[in-house]
Amino acid sequence: MASIPSDGVGFPGLSEEQSKSLRDLVSQVSGFQDFIEEAPYRINMFCFLGGVAVIINGILGVLDVFTVFGHTIYYLVNLYQVFFGVVTCVTESHPSFSSPVHDTIVGIQEWMHQWAKGLTMLLGRGLFYVFQGTLTILSSSMLSVGLVIGIYMMAMGLVCISI
Numbered sequence: 001m002a003s004i005p006s007d008g009v010g011f012p013g014l015s016e017e018q019s020k021s022l023r024d025l026v027s028q029v030s031g032f033q034d035f036i037e038e039a040p041y042r043i044n045m046f047c048f049l050g051g052v053a054v055i056i057n058g059i060l061g062v063l064d065v066f067t068v069f070g071h072t073i074y075y076l077v078n079l080y081q082v083f084f085g086v087v088t089c090v091t092e093s094h095p096s097f098s099s100p101v102h103d104t105i106v107g108i109q110e111w112m113h114q115w116a117k118g119l120t121m122l123l124g125r126g127l128f129y130v131f132q133g134t135l136t137i138l139s140s141s142m143l144s145v146g147l148v149i150g151i152y153m154m155a156m157g158l159v160c161i162s163i
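The opening position of the sequence shown corresponds to residue 1 in my numbering, with each subsequent residue numbered one higher.
Careful: at least some of the hints might be erroneous.
Label pairs and their in silico Cβ distance ranges [as the list claims (entries may be wrong)]:
id, residue 1, residue 2, range
1, G118, I56, 23 to 31 Å
2, V62, L143, 18 to 26 Å
3, V106, L22, 39 to 47 Å
Simulated from the structure, these hints should not be mistaken for lab results.
Here a beta-carbon is modelled for each residue, glycine too, at the ideal position from N, C-alpha and C.
Let's have the full structure, built from the sequences with the hints guiding it.
Pasting the structure below:
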């Protein structure tokens, strides 16, 4: 990452206010990375919550049975989203925040890690979450909850990739 002047020095072409805003933004991003590095399971928790949101969004799409005949592809995409959300929750389950659930699905988690090795690495999970986010965005209408969930999942994917 480029060096950001932290003293009163500004950036070429930027006003003092813009330079201060850029320094504040970089400071906040750095603080978020420190927050994650303190306890890596936090990223599991954020991704787990994203998986729950994807499941809920997918279920709401599946419950709209009128789309089965008119927009079959959107109905199928919602079914995939429910499945991918469950995969996310199983993958990100951690005993520190989902102890009763984790104890129940630890066998499924081990099986999934054996058959989907890419999900055992942050890069693989990150790419999967970016895919999930784009799928959610593309199957949602503008200004919808699905759009927000998709952006959130893409952000979690980028965080996983960047770690």
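Do the hints match the structure? See the list:
no.: 1; hint: G118 x I56: 23 to 31 Å; in the structure: 25 Å, holds
no.: 2; hint: V62 x L143: 18 to 26 Å; in the structure: 21 Å, holds
no.: 3; hint: V106 x L22: 39 to 47 Å; in the structure: 45 Å, holds
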